[in-house]
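Asks: With the sequences and hints as input, model every part of the structure.
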Amino acid sequence: MSELIKQIAYCIERGKVNKMSPFPNDMKEQPGTDELTKQAIEEGIGPDVILEACNDGMQKVGDKFGRNEVFVPELLMAAKAMNAVMEHLKPFFAAGNLKVKGKFVLGTVAGDLHDIGKNLVSMVVEGNGWQVIDLGVDVKTEKFISAVKENPGCAVGLSALLTTTMANMEKTVSAIREECPSVKIIVGGAPVTMNSAKRMGADGYSPDPQGAVTFLNQSVSIG
Amino acid sequence: MTDQQWEALLMVIKGETVAPMPVGFVIDCPWLPNWYGIRILDYFSNDQLWLDANLKAINDFPEVIFLPGFWSEFGMCTEPSAFGARCTFPDNEFPHAHRVIKSADDIDDLPQPDPSKDGLLPFMLNRLKLAQPKIEAAGHKIRFAVARGPLNIASYLMGSTEFLTMMMMQPDKADNLMKKITTFLKDWLTLQRETFPSIDGIFLLDDIIGFMGEPEFRQFGLPYFKELYDENVTVKFLHNDAPCRVSAPILPEIGINLFNMGFDVSLSELKELTQNQITMLGNLPPRDVLAGADAAFVSGKTIEMIDALKDRTRIIASCGGGMPPDVSSENIKAFIKAVQG
Numbered sequence: 001m002s003e004l005i006k007q008i009a010y011c012i013e014r015g016k017v018n019k020m021s022p023f024p025n026d027m028k029e030q031p032g033t034d035e036l037t038k039q040a041i042e043e044g045i046g047p048d049v050i051l052e053a054c055n056d057g058m059q060k061v062g063d064k065f066g067r068n069e070v071f072v073p074e075l076l077m078a079a080k081a082m083n084a085v086m087e088h089l090k091p092f093f094a095a096g097n098l099k100v101k102g103k104f105v106l107g108t109v110a111g112d113l114h115d116i117g118k119n120l121v122s123m124v125v126e127g128n129g130w131q132v133i134d135l136g137v138d139v140k141t142e143k144f145i146s147a148v149k150e151n152p153g154c155a156v157g158l159s160a161l162l163t164t165t166m167a168n169m170e171k172t173v174s175a176i177r178e179e180c181p182s183v184k185i186i187v188g189g190a191p192v193t194m195n196s197a198k199r200m201g202a203d204g205y206s207p208d209p210q211g212a213v214t215f216l217n218q219s220v221s222i223g
Numbered sequence: 224m225t226d227q228q229w230e231a232l233l234m235v236i237k238g239e240t241v242a243p244m245p246v247g248f249v250i251d252c253p254w255l256p257n258w259y260g261i262r263i264l265d266y267f268s269n270d271q272l273w274l275d276a277n278l279k280a281i282n283d284f285p286e287v288i289f290l291p292g293f294w295s296e297f298g299m300c301t302e303p304s305a306f307g308a309r310c311t312f313p314d315n316e317f318p319h320a321h322r323v324i325k326s327a328d329d330i331d332d333l334p335q336p337d338p339s340k341d342g343l344l345p346f347m348l349n350r351l352k353l354a355q356p357k358i359e360a361a362g363h364k365i366r367f368a369v370a371r372g373p374l375n376i377a378s379y380l381m382g383s384t385e386f387l388t389m390m391m392m393q394p395d396k397a398d399n400l401m402k403k404i405t406t407f408l409k410d411w412l413t414l415q416r417e418t419f420p421s422i423d424g425i426f427l428l429d430d431i432i433g434f435m436g437e438p439e440f441r442q443f444g445l446p447y448f449k450e451l452y453d454e455n456v457t458v459k460f461l462h463n464d465a466p467c468r469v470s471a472p473i474l475p476e477i478g479i480n481l482f483n484m485g486f487d488v489s490l491s492e493l494k495e496l497t498q499n500q501i502t503m504l505g506n507l508p509p510r511d512v513l514a515g516a517d518a519a520f521v522s523g524k525t526i527e528m529i530d531a532l533k534d535r536t537r538i539i540a541s542c543g544g545g546m547p548p549d550v551s552s553e554n555i556k557a558f559i560k561a562v563q564g
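The listed protein sequences derive, respectively, from chains A and B.
Just so it is clear: in the first sequence, position 218 is 218 by the working numbering, and no numbers are missing.
Numbers in the working numbering are just positions in the second sequence, counted from 1, shifted up by 223.
Calculated from the structure, these hints are not laboratory results.
Each computed DSS-like pair below joins lysine-lysine, with the alpha-carbon atoms no more than 27 Å apart:
no., chain 1, residue 1, chain 2, residue 2
1, A, Lys184, A, Lys140
2, A, Lys60, A, Lys101
3, A, Lys149, A, Lys90
4, B, Lys524, A, Lys198
5, B, Lys325, A, Lys19
6, B, Lys279, B, Lys357
7, A, Lys38, A, Lys28
8, B, Lys556, B, Lys279
9, A, Lys184, A, Lys143
10, A, Lys143, B, Lys325
11, A, Lys28, B, Lys402
12, A, Lys60, A, Lys6
13, A, Lys28, B, Lys396
14, B, Lys237, B, Lys533
15, A, Lys19, B, Lys396
16, A, Lys184, A, Lys171
17, B, Lys396, B, Lys449
18, A, Lys140, B, Lys325
The following residues of chain A were derived to be distant from chain B, with all beta-carbon distances above 10 Å:
no., residue
19, Met27
20, Gly46
21, Gly66
Remember, predicted model here, so these are calculated numbers, not experimental data.
Ideal Cβ placement from N, Cα and C applies to all residues, glycine included.
Replies: Have a look at this one:
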């Protein structure tokens with residue numbers, strides 16, 4: 001791995017977006033993923049290698065998150081740093097030089113306006129090479145079903161933060177299962193547990209974004 | 224809350240042994256309306272139905288300390304409405320508030336609300352004032368000034384992702400927003416205390432605390448919570464049912480003496496994390512057990528929870544978080560019996 005690629009991965013791990021960004025404190029005035037990715041492309045480093053750096057950086061920060069060494073704000077910044085990389089890689093996806101692993105329909109369930117978990121999952125999954133169809137927050141069951149039908153072969157992720165909206169999550173899982181029996185469904189969010197995920201008929205549960213990536217990579221056929 | 228219940232609460236908070244162990248629940252719109260058999264919209268829009276639902280709860284479960292007790296609220300819309308947030312009230316779903324801050328640049332222009340006149344707050348206060356004689360005739364008093372916490376309100380006004388990102392990218396702006404919200408909350412809590420002299424507690428609900436690491440909480444949470452709880456009241460009560468291992472050790476520093484937490488941390492661990500300085504209100508899993516299981520299972524899990532306690536002081540048996548929807552009277556009775564015999 002070249003020094004530049006290592007730097008990109010490190011900037012993602014630390015959440016360093018660009019030179020202007022004051023975060024993290026000990027990297028002020030240093031270039032972030034934005035400048036470094038631009039430089040890497042100019043130096044002819046392959047987009048697949050850059051994408052691999054994204055995976056590496058996100059994996060490391062995801063592991064730290066799992067160990068309670070960093071928290072949601074740091075993870076959001078890492079995802080933001082990764083998004084800066086993805087902006088530079090968009091033309092390569094468009095030209096077919098980079099292929100997405102698959103499609104992932106994602107949203108926060110009806111009645112719930114919380115977006116932290118959903119956004120984190122969206123950014124991390126996208127950084128791992130999946131196309132994310134982000135339906136937003138307060139997503140009605142019908143909207144999930146329409147999105148699944150419009151994106152054959154996709155997987156679905158449902159998020160909820162409120163204990164009170166878990167009932168809506170359960171209804172949505174059942175409805176998707178009935179309309180599209182083969183689709184893989186993963187659920188997550190503060191009130192969700194492995195037990196509740198099983199009870200509502202989901203295929204997977206993850207307490208963190210990295211777990212969603214693992215689920216997708218293992219459970220969904222990559223086309 | 225009756226005088227007797229209030230005295231029991233104060234004894235527990237002082238670390239005195241109260242037998243049998245008190246049972247308490249945070250009850251509000253997620254549970255009460257449907258348990259009482261009315262639509263959530265009716266609960267919010269009809270003062271009599273709101274009062275009747277609360278009265279039925281205290282009459283059906285006289286052993287239970289309901290917290291904060293006769294809580295007039297409009298769900299998550301209550302405080303954001305004062306800042307001008309559009310509020311959506313579905314027929315039988317929980318209401319929610321829409322964002323009012325599109326970017327950090329909007330913060331300076333955000334008007335400072337007047338809690339006596341703005342949003343839904345006058346309705347909330349007036350409902351309580353109108354009901355006060357009947358509440359007191361039932362032997363209860365209004366004991367708490369209640370509000371969503373400053374981080375929670377910030378995340379409603381701006382969006383959680385945007386707010387948490389702003390903390391890292393534009394810390395000065397985040398501080399400005401927190402100052403503005405804290406000023407509002409102080410005014411709001413003061414107004415409630417002035418309106419009801421029987422109030423001797425402050426109750427804040429804030430689950431955004433749970434998403435922050437210690438440095439962020441110390442910068443963007445601690446000073447504001449300290450300011451809000453730094454009032455001459457006896458009970459300083461916090462609800463945060465998101466993760467709490469980071470913030471729990473800091474709660475005594477804020478002055479909090481009663482805590483309702485998420486179900487994922489045991490009461491014993493929480494006692495250690497808070498140096499046994501804080502009374503815990505919990506910690507049965509709310510959905511999987513209290514709402515989702517049958518009475519026998521609730522009973523078994525409750526006994527397990529109590530038996531696991533090495534030290535039974537500073538505990539009020541409850542579920543993690545507030546009472547979730549669909550908890551039956553049968554399960555509540557099983558819980559009470561398992562705790563109190």
